[in-house]
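Student: The chain contents come next:
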Amino acid sequence: DTGVSQDPRHKITKRGQNVTFRCDPISEHNRLYWYRQTLGQGPEFLTYFQNEAQLEKSRLLSDRFSAERPKGSFSTLEIQRTEQGDSAMYLCASSLTDSGHNEQFFGPGTRLTVL
Amino acid sequence: AQSVTQLGSHVSVSEGALVLLRCNYSSSVPPYLFWYVQYPNQGLQLLLKYTSAATLVKGINGFEAEFKKSETSFHLTKPSAHMSDAAEYFCAVASGGYQKVTFGTGTKLQVIP
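Line order of the protein sequences matches chains A and B.
Numbered according to this note's numbering, the first sequence spans residues 1 to 115.
Numbered according to this note's numbering, the second sequence spans residues 1 to 113.
If we strip away everything but chain B, and leave its shape as in the complex, we get (with noise of 0.2 Å):
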């Protein structure tokens, strides 16, 4: 079995703070973690993936993700927030050699100019 946690329905940060958006998960077997974001009204982009090479996975729009497997966290950075990072991000996890994807409930980030 396999699952998502994210902690926060809801983050608001100011334009050009720390972005962190956590997520841990639940696997049986070593896992593939996903971000994506969902801007409204529109499907999930890949930000970055992590499949057991690096821990510290670069995506797109300057955002990084690190997998730490002691604390089975793959939380969700980024430097600096710009105004048009707005929108809803979702962790996501699958594992072993099967292809169903489970996903968190969603953290919708605000940017406050």
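Just chain A, with the same shape it has in the complex (with noise of 0.2 Å):
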């Protein structure tokens, strides 16, 4: 299978803790984003890569949290210090430069619950 792949799909963890996804795009796509999803509501737009650069980090996204990718290929999302309102679906999606019509692909979802 040649799509978005993310891992882990579940992740369980207590209160302060820290916890680190990653993303693995489509290999030929250049651009990766990251985007949260909390029940009841669309994804919510967190960051973007186009290859290594992150170009835009969204206000969601607190100090608490980083992503990395660091040879333009997969992708890491850590969060520090997790807190009971970080439980979400975060999303990674991918795609290819072209003239901008940005159909973005999309992996299954890791699912965070922090207890």
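Keep in mind that a hint or two might mislead.
Cut-off 30 Å, straight-line C-alpha distance, at most; resulting in silico cross-link-like pairs (DSS-like, lysine-lysine) [what the hints assert, rightly or not]: (1) A:Lys-57 <-> B:Lys-49; (2) A:Lys-71 <-> B:Lys-100; (3) B:Lys-58 <-> B:Lys-108; (4) A:Lys-14 <-> A:Lys-57; (5) B:Lys-100 <-> A:Lys-57; (6) B:Lys-69 <-> B:Lys-58.
Hints were generated in silico from the structure; no laboratory data involved.
From a predicted model like this one, the values you see are computed outputs, not experimental measurements.
Two chains, each in its own frame: build the complex with the hints.
Tutor: Quick look at the structure:
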């Protein structure tokens, strides 16, 4: 399967712990996005990479959140000192630079539960 | 600034009936518009997209949507609902050269046998 993959699919952690999620985009895609989706809401943009450069971060991305894409391929999203409000589905998407249609392909998501 | 409003968080239709999911957008520049579908515990799958070509866009699984600039709408339709269409549907907008996509809050479609 050559789609976007995310690992783990589910993560349960205690408040205050750190967690890290991984996203592997479609191999030729140079753009990678992270979104957060809470129950009853649509995905909310967190951050976006073009190759290894992080080009924008949402105000939703507090100082406890950090994302990297060191070699322009896979990306990690780390949450430090997790809080119960961080419980959500974290979605990764990727796309290929083109004329601007911006069709993003989504992974299955990582569901985080903070106890 | 860009935004999307989906009218109706839940829609129920009978199997075989018309599906109509409403979406209105706001964008300061000509938008790109998308409909995505999400099945439980899965990521989002693109149903169709409007990119300033034809105003009537056909997508997968028999869905289509019509871009109406005067009404700032991009409603999703399907002539005959199947049980397998039960899912959550998200309308989304992207505008300008920037890649940020803004999603609506979603509409859960229930199909009644």
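Student: Evaluate each hint against the coordinates.
Tutor: Hint-by-hint comparison with the structure:
Taking the CA atoms of A:Lys-57 and B:Lys-49, the gap is about 25 Å. The hint holds against a cut of 30 Å. Taken as a hint, the A:Lys-71 and B:Lys-100 pair is honoured in the structure, with Cα atoms around 22 Å apart against an allowance of 30 Å. Proximity of B:Lys-58 to B:Lys-108 is assessed by CA-CA distance (about 21 Å); at most 30 Å being required, the pair is judged to hold. With a C-alpha separation of about 26 Å, the suggested pairing of A:Lys-14 with A:Lys-57 holds against the 30 Å cut-off.
Restraint check for B:Lys-100 and A:Lys-57: satisfied, since their Cα atoms lie roughly 10 Å apart, inside the 30 Å limit. With a CA separation close to 17 Å, the supplied pair B:Lys-69 and B:Lys-58 stays within the 30 Å bound.
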